[in-house]
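Starting from the known structure of chain A, arrange chain B on it as the hints suggest.
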Amino acid sequence: TQLLEQSPQFLSIQEGENLTVYCNSSSVFSSLQWYRQEPGEGPVLLVTVVTGGEVKKLKRLTFQFGDARKDSSLHITAAQPGDTGLYLCAGDVSDYKLSFGAGTTVTVRA
Amino acid sequence: EAGVAQSPRYKIIEKRQSVAFWCNPISGHATLYWYQQILGQGPKLLIQFQNNGVVDDSQLPKDRFSAERLKGVDSTLKIQPAKLEDSAVYLCASSLPQAPSEQYFGPGTRLTVT
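Heads up: the protein sequence lines correspond to chains A and B, in order.
Taking our numbering, the leading residue of the first sequence gets 1, the next gets one more, and so forth.
Taking our numbering, the leading residue of the second sequence gets 111, the next gets one more, and so forth.
Bound conformation, chain A alone (with noise of 0.2 Å):
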């Protein structure tokens, strides 16, 4: 059973097109984080949040986490095929051990 529960599983869309993913628990988490992961590549941090209702903006990347701490979101304005890829939120559980989710698979046409 995941901790963390991302939707959706896949996502593929036409670039220039906005895109919405989610990540979200029962539980509360002291941080949260959002990677990208390349085929054959590690994953890349891209953002963490800490804060409940924190919004944080990184170019056309919009990340939110929610007022309780539970869950989070990340948004893409105007999507680019170097978009692709897959995205992972992970979160703090104790002792600094992440929690991963299985990720959101998204893939920008050109």
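Simulated from the structure, these hints should not be mistaken for laboratory data.
Here a beta-carbon is modelled for each residue, glycine too, at the ideal position from N, C-alpha and C.
There could be a bad hint or two in this list.
Stated by the list, open to error - Reference excerpt, derived from the structure (chain A facing chain B, CB under 7 Å, subset only):
(1) Pro8
(2) Leu11
(3) Ser27
(4) Ser31
(5) Glu38
(6) Pro43
(7) Asp83
(8) Gly85
(9) Leu88
(10) Phe100
(11) Ala102
(12) Gly103
Frame of chain A, contents of chain B only:
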């Protein structure tokens, strides 16, 4: 700044054989992690080191998996004997002691057990 280095990148072995993976973390990162990522899943923590001491190995199948970090820098993960279900990508990550949640990953080793 050099990233986390791992080798080999790919390995194919038969079941019941042994295999070892090597990791060199980012310089100055005292914390080192080994993860297993099965296709279609997120990474699962196998073992966490702080310098050369084990912090968490609760998810490591100790009957066949072992890991060491003798001098607090490089680390080796070994599987002996391998099973078909060990086919996965093995990721090494490291972090600074003051920011353990912000982990930097290597490219991984893709293991195929036939």
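inquiry  = Hint validation: Gly85 (chain A) versus chain B, beta carbon distance must be below 7 Å. Holds or violated?
reply    = violated, 13 Å
inquiry  = Quick check on Ser31 (chain A) please, does its C-beta sit within 7 Å of some C-beta on chain B?
reply    = It holds, given that the least Cβ distance between Ser31 (chain A) and chain B is near 5 Å, below 7 Å.
ask   = Does Asp83 (chain A) pass the interface hint, meaning its C-beta sits closer than 7 Å to a C-beta of chain B?
value = violated, 19 Å
key: Status of the hint placing Gly103 (chain A) at chain B (closest C-beta pair under 7 Å)   = Gly103 (chain A) check passes; min Cβ-Cβ to chain B is 5 Å, inside 7 Å.
ask   = Minimum Cβ distance from Phe100 (chain A) to chain B below 7 Å?
value = This interface hint holds because 3 Å falls under the 7 Å limit.
key: Hint check, Glu38 (chain A) versus chain B [nearest Cβ-Cβ separation less than 7 Å]   = violated, 10 Å
message = Would the hint on Leu88 (chain A) be counted as holding, given a Cβ-Cβ threshold of 7 Å to chain B?
response = It holds, given that the least Cβ distance between Leu88 (chain A) and chain B is near 5 Å, below 7 Å.
request  = Return the status of the interface hint for Pro8 (chain A): holds when the least beta-carbon distance to chain B is below 7 Å, violated otherwise.
outcome  = Nearest chain B Cβ about 14 Å off; hint violated.
request  = May I ask you to test the interface hint for Leu11 (chain A) with respect to chain B, counting a Cβ-Cβ separation under 7 Å as satisfied?
outcome  = It is violated, given that the least Cβ distance between Leu11 (chain A) and chain B is near 15 Å, above 7 Å.
ask   = Taking the closest Cβ pair, is Ala102 (chain A) under 7 Å from chain B?
value = holds, 5 Å
Interface hint for Ser27 (chain A), Cβ within 7 Å of any Cβ on chain B = violated, 15 Å
ask   = Was the hint right that Pro43 (chain A) lines chain B, CB cutoff 7 Å?
value = holds, 5 Å
The structure shown violates the earlier hints numbered 1, 2, 3, 5, 7, 8.
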